[in-house]
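Asker: Heads up, our numbering is the position in the sequence shown plus 342, with the first residue counted as 1.
Because the hints were derived from the structure by calculation, they are not lab data.
Only pairs whose alpha carbons sit at most 20 Å apart, straight line, appear in this in silico SDA-like list of lysine to any residue:
(1) K388 / A402
(2) K392 / N411
(3) K392 / C368
(4) K392 / P375
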Amino acid sequence: MKFIVKTSLFVSMLLPSQLLADTMTCGQSLVEPGDTEYQVEQKCGKPTTKEMNRWIYDRASQSFIYELNFEVGQLTHIVSRSRE
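Hey, can you work out the whole structure from these sequences and the hints?
Answerer: Next comes the structure, spelled out in structure tokens:
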């Protein structure tokens with residue numbers, strides 16, 4: 343049993359960390375689902391990558407990369423990935 347727990351823990355550490363985030367901070371501003379594309383760009387500036395309804399914010403100075411997904415111009419969810 344201990345072997346299974348230790349092995350599961352080790353394997354989970356090897357997998358890329360990806361979390362569904364409720365919000366993203368840009369300076370003093372908070373971005374959250376329901377914000378429009380315009381509001382997000384005003385708060386955070388231009389994304390690193392913009393592909394259709396998916397925007398990526400990769401700020402080298404931060405420990406997370408954020409993926410923002412939009413539907414009909416509104417932010418639906420935010421996914422954060424650890425740089426580790």
